[in-house]
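Chain A is fixed; fit chain B onto it per the hints.
One line per chain: the protein sequences are A and B, in this order. Take full-length UniProt numbering: the final residue in the first sequence is number 500, and no numbers are missing along the way. Take full-length UniProt numbering: the final residue in the second sequence is number 500, and no numbers are missing along the way.
It is worth saying that the hints were derived from the structure and are not from the lab. Heads up, the beta-carbon is just placed ideally off N, CA and C, and yes, glycines get one too. Be aware that a few hints might be false.
[Stated by the list, open to error] Some but not every residue of chain B turned toward chain A, in silico, with C-beta under 10 Å:
hint, residue
1, Phe181
2, Ala191
3, Glu251
4, Leu274
5, Asp278
[Said to hold, decoys possible] Incomplete in silico selection of chain B near chain A, CB under 10 Å:
hint, residue
6, Arg10
7, Asp126
8, Gly245
9, Ser395
10, Arg401
There are 2 protein chains.
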Amino acid sequence: MPASPNLSRRLAKLTSILDVAKAMSAERDLDLLLPLILYEASKVVESDRCSLFILDREREELWSKVAQGSKNEIRLPMGSGIAGQVAHTGAVINIPDAYADKRFNSTFDVSSGYRTHTILCVPMRDANGDVTGVIQALNKRGGLVFDAEDEELLLALGAQAAGAIENALLHEEINRLFEGFVSASVVAIEARDPSTAGHSGRVADLTVSLAQALEHHTTGPYAHVRFSAVELQELRYASLLHDFGKVGVRENVLVKAEKLYPHELDNLRARFQLARKDLQLQSSRRRLSAVEVRGLSALPAIHQEEDARLATELAQLDEVMGFLLTCNKPTVLAQGNFERLLELGKLTFTDAHDHGQPLLLPAEIQSLSITRGTLSPEERREIESHVDHTYRFLSQIPWTRALRRVPEIAYAHHEKLDGTGYPRAIPDTTIPVQSRMMSICDIYDALTASDRPYKKAVPHTLALDILKKEAGSGQLDPGLFTIFVEAEIPRRALKKQSPA
Amino acid sequence: MPASPNLSRRLAKLTSILDVAKAMSAERDLDLLLPLILYEASKVVESDRCSLFILDREREELWSKVAQGSKNEIRLPMGSGIAGQVAHTGAVINIPDAYADKRFNSTFDVSSGYRTHTILCVPMRDANGDVTGVIQALNKRGGLVFDAEDEELLLALGAQAAGAIENALLHEEINRLFEGFVSASVVAIEARDPSTAGHSGRVADLTVSLAQALEHHTTGPYAHVRFSAVELQELRYASLLHDFGKVGVRENVLVKAEKLYPHELDNLRARFQLARKDLQLQSSRRRLSAVEVRGLSALPAIHQEEDARLATELAQLDEVMGFLLTCNKPTVLAQGNFERLLELGKLTFTDAHDHGQPLLLPAEIQSLSITRGTLSPEERREIESHVDHTYRFLSQIPWTRALRRVPEIAYAHHEKLDGTGYPRAIPDTTIPVQSRMMSICDIYDALTASDRPYKKAVPHTLALDILKKEAGSGQLDPGLFTIFVEAEIPRRALKKQSPA
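Okay, chain A solo, but in the shape it has when bound:
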């Protein structure tokens, strides 16, 4: 039995809409989805061109990225023009002769040189029946007018398109969400520690720039390492958030500039003041006792002897204080100083209540004996724990599959290739290349940044020398360091600051 040609054509078109619906629902990039919808819409109603407007309910506006023939985003108030009316009323508008219809606005024709004859404008509705946008077809081919079947088909396609557009908008929303989360976290890091404000951003710029520079390397161990756009995004997020865990480290530890904390040094100085006063008091008391024994006539001699003795004792005390101040600096402890500190631990003085007290406390000896830098092992562990905090924080976030390595990349940014890094001291084979790049950029920025009150900024070339030494000793990746230098990553990534 032969099929009715009319029914067959409709069946074919509806079937093709189902196929198009499948293709649309898989396209997650709005910038690719919208042209696809327009192409299919033009095909199904045999029009010369189509436009699509999405309804922004909050602002009561229609917006379009792709009115065919235009590239810029257009925004129309709801209710205005033919598209605005369709969005407002939800009713189809089918105009057989544009220039005979007073609803038609010829401005666009005038500016573009296009000549509009026929217009079919239909709402896109979601399944709740709510209008979510408008599709507008211009100029039915063959000089025909749009008919009821075109209306039906464009409405059907619009309903499918509505779902696909929502899906794509959701994907855009997810991307915006991650962007938003990441910038919120950067706000938090910088509120926590304004002295490193900008560090996260610069490390991200440097690391992404280094990753991009690998593109141009066709030889060596990184000849085949390439990063896709989403991998660069993953790397950027990991870099922006690598120090997030510092919110969990006490700030006095974070910015410790000398071996004793300022209040500890205050206490030490105050004790020396008291000891100084005590020497004066002891000297005065000795004079009185000597007068009792040797008589008043000996007083000038007693004063002379005691003045000399007191001067010597005070000079000794000042020398000890000077020595302690030297030990307090964050330089490497000189040989023999530890032994002298232990010896000084035996000194005592008499306090204001006439009790004997040690001049130097065991805790102070311990701090001043730190052989390198300013941190005790406990403090170093606390600083190092920021990486664990970062990892715990980032692991709470349900990254998409494409971004799932963000926590892992950030976790390894203080690991060293020779296994001496922290917090896990993992071997080189398990340190991701992303983390190796971040290490170089993190150290470079920490050295050259001028924003840390407890550290002087190091010039660009000296920073490279320090990095070179670390690369040479097997801590940093020498191949990546070479690319960092040769591609002039700092100059390229940190244009605003133009390191010398």
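Only chain B this time, still in chain A's reference frame:
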């Protein structure tokens, strides 16, 4: 011309699939979407029941929330069973007689008492052609077998369902993202200030519980205030994150327990020790001078006089120190104390280098003169700035429309109805009811929590008295406070801790 009945039926079914596709694409809740798909699938192929499995590529498993006739999530390894095979090969399986087919596993029939005769199992594919799941129809109605048209229709429906399911999974993902980000932020808050660990969670439990309690109020100003599920979620997020901005407040200010910081008190005490020693030194020197004038024979009398004088002077010094320690407590400054502090500011002593020095520094007088609590105006502003930080942080996050008030609700949690709150001191009409509820719960928990080192926990009943006073004086919302008490929100929300 009469239509071919065969074509008409297919047209009708395809049209209905388009309608169903629209309905499916609008359903964002997977728990509602899946039954809808199964219902429509059974209808379109005229089967007794259907099941649907979604492919988890990462784990190479199929999972199902709604195999018809079962409520639990089922997981199958890919490749296993008929559904697993269809997922693996992508080919349709159509079985006219289950018990005659060795691929059929009758375990489920045996356990459920169901009798499977015919099976149609088709893949769901996205537009890239990738299998994303499987739909399985059992027992074609009327004792028939599934035919080629059923295969075509179920495949078409499956393709539409695939898009809708992806959409719903995206919505789930967005919700999981918010959940994840909020818990990551709570991890950060608590890493920052372990002493308030748990506070955010308890305030969230209390506030949501209070919001739910409004349900039962049919009279009074809150008779018609109701919160939907998503509004409760918005409230929970705002409560969990209300203190996030504390990451931006220096921790010594955050936990300041007395008017002087510990190191400031140390400095003050050290100065008094030095002054004490100085009194002793002055006394000793006076004795020597007196001997010079009055002769050695007067020494016992001189000692007696000087001992008495020194004892008096030391007692005066100790009394001053005692007074300063009293002023240092976070109680209200007693009348006259400010004047005495100013007077004491004139006292001097001689330091270890024989320079005259003030015994009490202007900055110390200023701190000790704080009339209420322990914070200077600058410190109070710094503490109060945590709300601004919270708002800035939360405003970075692109909340969905349904959650868009999270920043605004958290922003107002320290505002008072009488306009004396912070940071904006806004009037009552502009304070959201959510923030009013959060205020009550925040203060209640701050009072009763036993985890703050600088504050003692207050018993439940005393906390209610304090809140009652604040409600009575027009700071807290009295209607909400009444509900807080009558509905026994703390008992209900904080079951684990069961306040007395």
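For this session: Please name the hints from earlier in the document that this structure breaks, with their numbers sorted from lowest to highest.
Result: Every hint satisfied by this model.
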